[in-house]
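S.K.: Note that the protein sequences, when read in sequence, are chains A and D.
One point on numbering: in the working numbering, the residue at position 212 of the first sequence is 300, and numbering is uninterrupted.
One point on numbering: in the working numbering, the residue at position 74 of the second sequence is 162, and numbering is uninterrupted.
It is worth saying that the hints were derived from the structure and are not from the lab.
Errors might be hidden in some of the hints.
When chains are identical, the list treats them as one kind, so a pair holds in a single copy or across two.
Unchecked claim - DSS-like cross-link-like pairs, simulated, lysine-lysine; straight-line CA separation at most 30 angstroms:
no., residue 1, residue 2
1, 155, 360
2, 187, 350
3, 199, 350
4, 360, 284
5, 287, 350
6, 260, 199
7, 350, 155
8, 350, 360
If you're wondering where the values come from, they're calculated on a predicted model, not measured in any experiment.
So the chains spell out like this:
There are 2 protein chains.
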Amino acid sequence: VAYFEKMKVKIASICFVGIVLIGLLILRQNLNGVIHKRNTMVCPDTRLEHKDEKNLPLIYGITSTYKRHVQIAELTRLSQTVMHVPMFHWLLTEDAHSKTSLVADFLNQSKLSYTHLFIKNNLTSGIVKDLNTRNNALHWIRKNVQPSTNAIIYFMDDDNTYSLRVFDEIRKTKRGSAWPVGLAGGLLHEGPIECKDGKAVRWNVHWWPQRTVPIDMAGFAVHVNVLFEKPTAEFTDRPDIESVFLESLGFNRDNIEVNYCKDVLAWHTQTKAPVIVE
Amino acid sequence: VAYFEKMKVKIASICFVGIVLIGLLILRQNLNGVIHKRNTMVCPDTRLEHKDEKNLPLIYGITSTYKRHVQIAELTRLSQTVMHVPMFHWLLTEDAHSKTSLVADFLNQSKLSYTHLFIKNNLTSGIVKDLNTRNNALHWIRKNVQPSTNAIIYFMDDDNTYSLRVFDEIRKTKRGSAWPVGLAGGLLHEGPIECKDGKAVRWNVHWWPQRTVPIDMAGFAVHVNVLFEKPTAEFTDRPDIESVFLESLGFNRDNIEVNYCKDVLAWHTQTKAPVIVE
Numbered sequence: 089v090a091y092f093e094k095m096k097v098k099i100a101s102i103c104f105v106g107i108v109l110i111g112l113l114i115l116r117q118n119l120n121g122v123i124h125k126r127n128t129m130v131c132p133d134t135r136l137e138h139k140d141e142k143n144l145p146l147i148y149g150i151t152s153t154y155k156r157h158v159q160i161a162e163l164t165r166l167s168q169t170v171m172h173v174p175m176f177h178w179l180l181t182e183d184a185h186s187k188t189s190l191v192a193d194f195l196n197q198s199k200l201s202y203t204h205l206f207i208k209n210n211l212t213s214g215i216v217k218d219l220n221t222r223n224n225a226l227h228w229i230r231k232n233v234q235p236s237t238n239a240i241i242y243f244m245d246d247d248n249t250y251s252l253r254v255f256d257e258i259r260k261t262k263r264g265s266a267w268p269v270g271l272a273g274g275l276l277h278e279g280p281i282e283c284k285d286g287k288a289v290r291w292n293v294h295w296w297p298q299r300t301v302p303i304d305m306a307g308f309a310v311h312v313n314v315l316f317e318k319p320t321a322e323f324t325d326r327p328d329i330e331s332v333f334l335e336s337l338g339f340n341r342d343n344i345e346v347n348y349c350k351d352v353l354a355w356h357t358q359t360k361a362p363v364i365v366e
Numbered sequence: 089v090a091y092f093e094k095m096k097v098k099i100a101s102i103c104f105v106g107i108v109l110i111g112l113l114i115l116r117q118n119l120n121g122v123i124h125k126r127n128t129m130v131c132p133d134t135r136l137e138h139k140d141e142k143n144l145p146l147i148y149g150i151t152s153t154y155k156r157h158v159q160i161a162e163l164t165r166l167s168q169t170v171m172h173v174p175m176f177h178w179l180l181t182e183d184a185h186s187k188t189s190l191v192a193d194f195l196n197q198s199k200l201s202y203t204h205l206f207i208k209n210n211l212t213s214g215i216v217k218d219l220n221t222r223n224n225a226l227h228w229i230r231k232n233v234q235p236s237t238n239a240i241i242y243f244m245d246d247d248n249t250y251s252l253r254v255f256d257e258i259r260k261t262k263r264g265s266a267w268p269v270g271l272a273g274g275l276l277h278e279g280p281i282e283c284k285d286g287k288a289v290r291w292n293v294h295w296w297p298q299r300t301v302p303i304d305m306a307g308f309a310v311h312v313n314v315l316f317e318k319p320t321a322e323f324t325d326r327p328d329i330e331s332v333f334l335e336s337l338g339f340n341r342d343n344i345e346v347n348y349c350k351d352v353l354a355w356h357t358q359t360k361a362p363v364i365v366e
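Whole structure, please, built from the sequences with the hints as guidance.
M.R.: The structure is reproduced here in structure tokens:
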């Protein structure tokens, strides 16, 4: 009997150790989950907060850039904006015959998720300065992104200013959406300024009021689905480049989504060329 | 005997449960520590990384700002820079008769640590546009900061561009330190361009080369201790405002600390005034 009782103690001991180990493993896994969640979520003063970051649609921010004295300053400033944005991939298209080491080194040090593209713009024969670089990014998306991907494209000039709140508007985009842009088209805010049920009921337009969708490049976003539905749509050499591009994707003032048009969330700022003597 | 053996099993059970609970408590506490650490440290893509954030010297970023079309755009962009900087307090001094609701609302929404000051600049009788606003911030520090505080002041114009790395240079400041500034004084980089053992051995200067410390406002930081040693030092209405201020605090080209002078970490960028028709 004593032998069996001793065995019972041993078995009980082994069972306990087993249960304890399993319990510890479960706890560890759960706590790891918490750590992981917190890592991506809890930087309240530094990032946009989202409950479930990985389920957010990806934003492809497309930026054309060209060599000039203020280039790295502009890219530094813009990178500090997009560093706050989760689920963001930066498509930087250089106006150059090959990647410059200046921009390559800058991107490499940035820790951002990015793709460095390059193509030479044709400045002598056109109205729009950065046609090739913009179309290069569209080409890259059509070649490298799955048509079923839940992703949205947004064109971000390197000298513009973007409120972090604009990225929330971008992520609401189902097919194509718009919002007002500050200091554009001769106005304090150009674009939709009154909206109802997701549509614009009033637009603020001064320059070329006949445009189909009168909005600055910083004032719209398009879901990649639409790019695959209209596989040849691209930017053309027109002064109303944004409107013509949106029209070629099937958008007009009535069907473009306008969820928010109260405050300005993006500004068409421009930087002075510095006077350098050396 | 069987009774005692049963008791043994019970005692063993209780002991195991107790040990398990203690183990779980210890594990929980340790993991909490990890979580807490990670919260403040691991946002590698969004913040400067510092091992022990709370022991860092505080940075007082001092920004003069005035009403104009691009004001909120500039403040938005600058706020996105300083949002990445730990242990930072923003002293924003408005050039106004009272706090404007535009700036107050902006700061209130920003989640930053800030103090909103105001004073009217006297634009009609001087060279320097923002003399009163700058001195107002110095006055606030001398009145509200303990002389023993480990804090450093840095003047950040709202249209300039700041690499996040400049804040590492600022925090090295023992009494007063300097670094080169991009696109300033007619040069691609003005200020110390060769340094050795914490001192500048060569300066790059074009405009007014006779200045005692030839550096732009974005190119120096001063420990608050020094402000209390020289309690009357302030900005005066001089074109070489930075140099005269640094001189009044006891600095010259030889005793100002220069730890790093290889890359440009701050740029004197300027924004174009937009053409608005309305």
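S.K.: My question is about residue 199 and residue 350: at a cut-off of 30 angstroms on alpha-carbon distance, are they close within one copy, between copies, both, or neither?
M.R.: Intra 34 angstroms, inter 21 angstroms, cutoff 30 angstroms: inter-copy only.
S.K.: At most 30 angstroms between alpha carbons: which applies to residue 360 and residue 284, within, between, both or neither?
M.R.: neither (38 angstroms within a copy, 34 angstroms between copies)
S.K.: For residue 350 and residue 360, with the copy left unspecified, which applies at a CA distance of at most 30 angstroms: within, between, both, or neither?
M.R.: Both. Shortest intra-copy (29 angstroms) and inter-copy (25 angstroms) distances satisfy the 30 angstroms Cα cut-off.
S.K.: Please sort residue 187 with residue 350 into within, between, both or neither, judging by C-alpha distance up to 30 angstroms.
M.R.: between (40 angstroms within a copy, 23 angstroms between copies)
S.K.: Evaluate residue 155 and residue 360 at a C-alpha cut-off of 30 angstroms and name the case that applies: within, between, both or neither.
M.R.: both (15 angstroms within a copy, 19 angstroms between copies)
S.K.: From the Cα coordinates, with 30 angstroms as the cut-off, is the pair residue 287 and residue 350 best called within, between, both, or neither?
M.R.: Cα proximity of residue 287 and residue 350: one copy only (13 angstroms, versus 52 angstroms across).
S.K.: Between residue 350 and residue 155, at a C-alpha cutoff of 30 angstroms, which is it: within one copy, between copies, both, or neither?
M.R.: between (36 angstroms within a copy, 21 angstroms between copies)
S.K.: From the Cα coordinates, with 30 angstroms as the cut-off, is the pair residue 260 and residue 199 best called within, between, both, or neither?
M.R.: both (26 angstroms within a copy, 24 angstroms between copies)
Checked against the numbered hints listed earlier, the structure breaks hint 4 alone; every other hint is satisfied.
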